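Enquirer: With these hints in hand, go ahead and build the complete structure from the sequences.
Residue-level listing of the chains:
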Amino acid sequence: MKDLISRNLDHMTPEEFEASLPELFEAGGGAISNDPRFATFFAANPNCAALVRDLEAIAEQARSLFEPIHDPSDAVWSNIASRLKDGIHNDGDES
Amino acid sequence: MQLQGPLRMQTKPNPGFFKRNAPIAGEADAIERARNGDPDAFAQLYALHKRRVYTLCLRMLGNVSEAEDMTQDAFLHLFRKLGSFRGESAFSTWLHRLTVNLVLMHLRKKGLQLVSLEETISPSEDDAPRRDFGSHDQTLTGSVDRVTLERAVALLPPGYRMVFVLHDVEGFEHNEIATMLECSTGNSKSQLHKARLKLRELLRNPQALAPHDGSAQPAAHAVAAGQKEVAR
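In order, the protein sequences belong to chains A and B.
If you number the first sequence the way the working numbering does, the last residue is 95 and the count never jumps.
If you number the second sequence the way the working numbering does, the last residue is 1232 and the count never jumps.
Worth flagging that the hints you see were computed from the coordinates, not collected in a lab.
One should not assume that every hint holds.
BS3-like mimics (lysine-lysine), calculated; alpha carbons at most 27 Å apart, straight line [said to hold, decoys possible]:
id: 1; chain 1: A; residue 1: Lys85; chain 2: B; residue 2: Lys1050
id: 2; chain 1: B; residue 1: Lys1050; chain 2: B; residue 2: Lys1109
id: 3; chain 1: B; residue 1: Lys1081; chain 2: B; residue 2: Lys1109
id: 4; chain 1: B; residue 1: Lys1081; chain 2: A; residue 2: Lys85
id: 5; chain 1: B; residue 1: Lys1050; chain 2: B; residue 2: Lys1081
id: 6; chain 1: B; residue 1: Lys1050; chain 2: B; residue 2: Lys1110
Keep in mind it's a predicted model, so treat the numbers as computed, not measured.
Expert: What follows is the structure in structure tokens.
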């Protein structure tokens, strides 16, 4: 990735900005749309601003997927209980 | 690259991660009793964690049958390894890591050579996000709702989906993902970024996300119902 430290952010090209995005998101904890250092650049490049807002929205909503919505069938526990009853210690599978 | 000086951003700990993995009431007691061979306590641990473990397997594998098999394997593995849980991380974090490792091992056995996952998880050109950056762009309208996002995630190429689920959903750090997937942290970051770009592309095309049978069935199940398997 190009060294952004010495760059004037206001004059980045959209391509340079995109190339830096993975690192920027990581370093910024996922929130860069409101970072004042990019204000001029975003004002001049509304598509970049929109892209960042969208990606932030996706990452934000992804957190809600942590709460599970799918249940395994009852057969899963039946199989586990059956294996435990049979003594899985003896099956030698320690993978 | 490390961002420094004026461009250094505040590195925030994932704010929701520890809260999301907070100990559950009664869990510590159940762990202790299960370690001592109490079958009811192990059943309690299963009840507490089955949905998260199964949902993780389903998202990573995209297949109900395989996800159920892996859920079963994960809990049997848990039973064997419970004695080695030291409490240095939240139990759910430890269990999720154990599950992820089992799923990855399963994928390796199936033929996805994770020795060089860096190469094998990369999707084809068709699956990659389009490089139309900077052109007139249609933004996402309104907020992204959970069900739609779930559908879009299920449609991601396997490599993108895995990194997205591990980082953005499960809260793993890039260095942890790199270790698990045997790739570089840079590759993990790059895959995550491409996954988000691909999701944006999918979310801007709602027709592609509509359930084929007209039901509101979650996408992971829809995918699992037929068409797609990971790591074929």
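Enquirer: All hints are to be evaluated individually against the structure, with a verdict given for each.
Expert: Okay, the hints, checked on the actual structure:
A hinted pair counts as satisfied when its Cα atoms are at most 27 Å apart, and Lys85(A) with Lys1050(B) qualifies at roughly 19 Å. A C-alpha spacing of about 24 Å is found between Lys1050(B) and Lys1109(B), which places the hinted pair at or below 27 Å, so the restraint holds. Annotation: proposed proximity of Lys1081(B) to Lys1109(B) holds, straight-line Cα distance about 21 Å (limit 27 Å). Our distance criterion of 27 Å between C-alpha atoms is met by Lys1081(B) and Lys85(A), whose separation comes to about 17 Å.
With a C-alpha separation of about 17 Å, the suggested pairing of Lys1050(B) with Lys1081(B) holds against the 27 Å cut-off. Restraint check: the Cα-Cα separation between Lys1050(B) and Lys1110(B) comes to about 24 Å, which is no more than 27 Å; the hinted pair holds.
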